[in-house]
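Could you build all of it, start to finish, from the sequences and the hints given here?
As given, the protein sequences belong to chains A and B, one line each in that order. Its first residue numbered 553, the first sequence is counted upward by one per residue in the working numbering. Its first residue numbered 2, the second sequence is counted upward by one per residue in the working numbering.
Careful: at least some of the hints might be erroneous.
Calculated lysine-lysine pairs in the DSS-like style (CA-CA distance at most 25 Å, straight line) [unchecked claim]:
(1) K672(A) to K576(A)
(2) K665(A) to K233(B)
(3) K238(B) to K665(A)
(4) K233(B) to K134(B)
(5) K665(A) to K239(B)
Derived by calculation from the structure, the hints in this document are not laboratory data.
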Amino acid sequence: MSEYNVLIVEDSPTMRQLIAFALKRIRGVRIVEANDGVDGLKKLSSERFDLILTDINMPIMDGLKLVSLVRNDANYRSIPIVVITTEGAQEDRERALALGANDYITKPIQPTKILDVARKLLRIV
Amino acid sequence: MVDKKTKTGVRMQKDDERLVHNRGEEFLQVFKKGAEFTQDLLRENERLRFRVLDLEKSQMGGGETAPAVEVKKLTERIADLEQEKQEILDRIKQVEEENQDFAARYLEIEDENNNLANLYIASYQLHSTLDFKEVLQIITEIIINLIGAEEFAIMLLDEKSHELQAVTTEGVELSEVPTVRLGKGVIGEVASSGESHFAADFDSYERDFGAPMVCIPLKIKDHVIGVLAIYKLLMQKKEFAPVDYELFTLLAGHAATAIFSSRLYSDSERKLSTIQGFIGLLTK
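Structural data, given as structure tokens:
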């Protein structure tokens, strides 16, 4: 049985694979992937998650909406959320943090940065 | 009567004399024994005094040698321990240095691992589809997310007109990117020579559609099918890392193959549906 369940919400398969590849270095991690915010919510309702990583710009439902919905739902409120943004999109990042995201990662993605943030939020020493 | 008395008196006198004599003898014997005992005591005393002197002498002499030997032994032991300590300290220092080397090596391997992961993912994604639009989308994602470019164009070579035309762009409008003739300008030269171009100074570079910051030929072996022209990097991307050049090399080969395959596949699909349409008409 896995120790940590992580949900990656990202429309780009390349990015999903890149994030998953980095996170797999955490022992006992299990990764579930979702294509967009709606898919993410669907996956969220099916099992317990310890961490959510979400892109902001996605079709159907973007990352900001997802952060807002998760933070307003008593069942998921305590799950840490990391948003993935581009360096220039400071407004999006600030909005995400104001909505309740715990941290952010900027593109281009650095696997070590993903690992650091994930370990911090999963409280892995 | 008198004689009897006299005889008795003489006999008594003789007895007395004998008693005195005996007593004297006894006393003499006792005295002699006392004298012998005294002499024995004196001899014993003298012997003991010599013994005491000997002991004192030996103690004094021994008291000086025993600690000296002990001190010598202890000094040697201390020297041994000091040497041992120094050896341990040297070993600790050596291990610390090795640890630092290992830590540095670990970071290098970690970086290398990340780079390989990036290259693997880029390669895997590039060949994950035969849909031309999807291939272009994947190349775009790789350039944004792995290389960190903000403004760029993918231009393909028209074999008939010998012109390079943008098929997808990011950060700039497709219509903004001019068509380039093979061999003309920086882009045309990259396409004809198959050699990558990097601007001399990224900091002072200003967008020029004729002379991009970076121009990478997309080629299958020596055959160039197009170019990737980068005009601007993401804000946090100040320079290219070694892995970026690896990615460029990978893009030059794998992206070209993926584009070529997907176009070929799209063309064959189109032709197939056309042929099937004809067959359908003929067999009706």
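Comparing the hints with the structure gives:
no.	hint	in the structure
1	K672(A) to K576(A)	holds (15 Å)
2	K665(A) to K233(B)	holds (23 Å)
3	K238(B) to K665(A)	holds (15 Å)
4	K233(B) to K134(B)	holds (23 Å)
5	K665(A) to K239(B)	holds (18 Å)
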